[in-house]
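*Asks:* Going down the list, the protein sequences come from chains A and B. Quick note on our numbering: the first sequence kicks off at 1 and runs consecutively. Quick note on our numbering: the second sequence kicks off at 1 and runs consecutively.
It should be emphasised that the hints constitute simulated quantities derived from the structure, not laboratory data. Where a beta carbon is used, it is the ideal one built from N, C-alpha and C, also for glycine. Some hints could be false.
Estimated spans, in silico, between C-beta atoms of each pair [unchecked claim]: (1) ASP369(A) with GLY65(B): 38 to 46 Å; (2) ALA206(B) with ALA366(A): 31 to 39 Å; (3) GLU167(A) with PRO291(B): 55 to 63 Å.
Residues of chain A placed beyond 12 Å of chain B at every Cβ, according to the derived structure [stated by the list, open to error]: (4) LEU4; (5) LYS7; (6) ALA8; (7) GLN10; (8) ARG11; (9) SER80; (10) THR87; (11) PRO204; (12) ASP227; (13) ALA234; (14) GLY246; (15) ASN316; (16) THR319; (17) ARG335; (18) GLY356; (19) ASP395.
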Amino acid sequence: MAELELKAIQRRVTAGANHRKLIAAAEAGQPVCVASAGIPNEVMHAMGVYAIYPESLAAISAGIGKAEAFFDEAKDRGLSSTICSYTRCGLGICWTSETAFGPIPRPTISITDVNMCSLHQTWWSYLEDHFTLPTFYMDMPSTDDPGAPEYIDYYESQIRQMVTFIERNTPCRFEQERLDESLRNSDRAGHHWKQLMELRRHRPSPISFRALAGQVLPLVTSLGEQDAADFYEALYERYVQDAKEGKTPARDGERYRLIWNGIPIWHHLQIIDYFEEKGANFVWEPYTSLNWGNKTSTGRLDLHRPFHTMAEKYTNVFTNKPIAKRFEYFDQAIRDYAVDGLVMFSNRSCRPMSLGQQELIELITARHDLPVLIFEGDQADPEGFSWADARMRIDGFIEILEGRKK
Amino acid sequence: MTNAIAGFRERFETRHERARALVQRGKKIVACFYGLAPKELVHAAGMVPVQLVEDRDSRYEAKSGLLPYMCGMSKNLAGQIASSVLDYVDGVMVSTVCDTNRHMLDIWVHQRAFPNHWLVRTPAKKDEGAIDYFTKELRRLAAELGRVSGQPVADDNLRESIALFNENRDLFRRFYETRPTAGISAEDAVYVFASALTTPVEEHNALLRQLLASLPPGEPKSPPKLMLSALNIPMSLDVIRMAEKYGATVVTDDFIRNARYGSADVPTDGDPFRALARGYLRTVPAPGMYPLEDRANGIRDAMSRAGAEGLIYLVQLYCDAYAFEYAVLKERFERWKLPHLKLEAEATPGSIEQLNVRVQSFIESLV
Chain A
1 MAELELKAIQ RRVTAGANHR KLIAAAEAGQ PVCVASAGIP NEVMHAMGVY
51 AIYPESLAAI SAGIGKAEAF FDEAKDRGLS STICSYTRCG LGICWTSETA
101 FGPIPRPTIS ITDVNMCSLH QTWWSYLEDH FTLPTFYMDM PSTDDPGAPE
151 YIDYYESQIR QMVTFIERNT PCRFEQERLD ESLRNSDRAG HHWKQLMELR
201 RHRPSPISFR ALAGQVLPLV TSLGEQDAAD FYEALYERYV QDAKEGKTPA
251 RDGERYRLIW NGIPIWHHLQ IIDYFEEKGA NFVWEPYTSL NWGNKTSTGR
301 LDLHRPFHTM AEKYTNVFTN KPIAKRFEYF DQAIRDYAVD GLVMFSNRSC
351 RPMSLGQQEL IELITARHDL PVLIFEGDQA DPEGFSWADA RMRIDGFIEI
401 LEGRKK
Chain B
1 MTNAIAGFRE RFETRHERAR ALVQRGKKIV ACFYGLAPKE LVHAAGMVPV
51 QLVEDRDSRY EAKSGLLPYM CGMSKNLAGQ IASSVLDYVD GVMVSTVCDT
101 NRHMLDIWVH QRAFPNHWLV RTPAKKDEGA IDYFTKELRR LAAELGRVSG
151 QPVADDNLRE SIALFNENRD LFRRFYETRP TAGISAEDAV YVFASALTTP
201 VEEHNALLRQ LLASLPPGEP KSPPKLMLSA LNIPMSLDVI RMAEKYGATV
251 VTDDFIRNAR YGSADVPTDG DPFRALARGY LRTVPAPGMY PLEDRANGIR
301 DAMSRAGAEG LIYLVQLYCD AYAFEYAVLK ERFERWKLPH LKLEAEATPG
351 SIEQLNVRVQ SFIESLV
């Protein structure tokens, strides 16, 4: 696939393109849903519902330095700055009806999960209350065993109820054929994403975590669309070619292979660039490898059991697994990806990702003689973050890595 | 009456020693992390449920090993565990009210902090599908509890336990009806409910009956009268003292955990496991777990019943659940012109002391 063709496809799945589709859909009378990341958007796509994703928009706003107005709005309305920055920024977007790409239309409905993060429940309750939006909660009880069959079955019932909710509150109607097509596209996108992750085993890895932080977007917002599937297929082919040519984002060659744990620091993505300038390349992250793509046991969606396969995929939440299980993923990745060190992002905003991180580090360092750098900060709110301090710490970490190479 | 009041406070303050004495008499103790763990189930398995509550001891935070941006409650409990204060506990049962309390369990499992660890897999809804799911979950937990205690949870045992806890709820409702005009201080009233968290229910029921039978009418309370909404007990006591120092009276309070006892009874008809499921799903006014309209109305109605003219809403720093709930409730409070003051502080006397001027100004604004 030619580079030009990849760029042409990519232009159809960018955040800006999504925004234009959303506006066009709203103008055509299509329903608009305020949706949390991690709900089955294959269903929404199949039923013709267009979504606003506040968390995704918060990350993008932070990434391009346009989140401050939303944080200010949240502060004015009484939200403490200790509350998750996605929540504050996402609510700021809803209150102001503005995004970095322009105004958003008045939503028709809202849908959220309730387990990936317990703030979602209050957040969407607020949207339901404040904007008087019909709201559906994808119930997913707290669990430490997300693979339990009865748990997956219960979530399957929630997906079916989601369909009923959409039919009751919008003119959209469910058609099995459209869901089948949506799932085929989702499966193809998720499959190629998984292959991309596998490709990073290659030495050098041709893929930059900074690029992935942007390339993950269609998995969050556009699953079910053919464009998203085409994009990941083309992207995979591009990176295969790069791997063959020995390309790597690490300057002067890939000298250190690293793991990043946590959400990217959206307001200072240049941190990743700085690592790459120093010859370090991130080759595995739970955020990219375990949060997105086909998270089923086979790595593919079972197109013969559409609701069940979505339930299996969406209940497979990394942070709902015990620390011992989370360690197994790291242990395997450290071996498979020939890792030299780890960077752990201690994220003030995200309790599920940060609680247990210290225990994880203890398990990892007990088995693997690897250096660990811990950053404390926030995923989207730059308050209190010092770029100079971050660079100094990265420099020190690189020195340690270099010392171990000698 | 004085003896009855002293009994609540004494039980709360000696809760660890009392729990150890129970263990010596052959009882097993199950720690419940927050108020949504179904204590009836623990009781029906022949064990004593005690709620994990914060102790004011500055050494605990240093021993917690937790990240600085975790709430004081989680750090305090982690410190208690590290200091072996909870060495009498046979198991912990965590029921999610926030991400921190949910994921503290992961750390405890990793540390093997207790001999047994259970996560209550509670649905967020209350439709028939959710009740079916939760009924099965309660049966799963009952089987595990029975394995630990050696006393399987029989239907009749569970019915008896539900009746005992319903009696506790009923006594609490009566206490809160009487409290605004009764001769009991706000500080003492906190111990009435706090002791319920850590005292065997039979014993607490007897104490409450004794209190209600002997509670005299009090002197008229000095205005302005306040309601306190809070989570952390030592912080609340500090704020009550501060408000009283500036001439106000806290005539009622709103803690997740007393609301638990005062909210609707668990149904007593039919399958007791199903009744327990119906009794717990979305009936407890905890942040995020309860309809916002009902939560706001509940606060306003409680203030009205108690004659409270203002509300202090106390948030422990880094408590997402309360901090977020406040922002939601605030819109209604402002619409209703309900005088309120949000305080956000760490759970230390120094941090609370810094709220001095704000509390004084709020009280003066009500006079």
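*Asks:* Now look at each hint and say whether the structure bears it out.
*Replies:* Outcome of the hint check:
no.	hint	verdict
1	ASP369(A) with GLY65(B): 38 to 46 Å	23 Å, violated
2	ALA206(B) with ALA366(A): 31 to 39 Å	51 Å, violated
3	GLU167(A) with PRO291(B): 55 to 63 Å	24 Å, violated
4	LEU4	45 Å, holds
5	LYS7	39 Å, holds
6	ALA8	41 Å, holds
7	GLN10	34 Å, holds
8	ARG11	37 Å, holds
9	SER80	4 Å, violated
10	THR87	7 Å, violated
11	PRO204	34 Å, holds
12	ASP227	34 Å, holds
13	ALA234	37 Å, holds
14	GLY246	40 Å, holds
15	ASN316	16 Å, holds
16	THR319	7 Å, violated
17	ARG335	22 Å, holds
18	GLY356	5 Å, violated
19	ASP395	24 Å, holds
The structure does not agree with the numbered hints 1, 2, 3, 9, 10, 16 and 18 stated previously, though it agrees with the rest.
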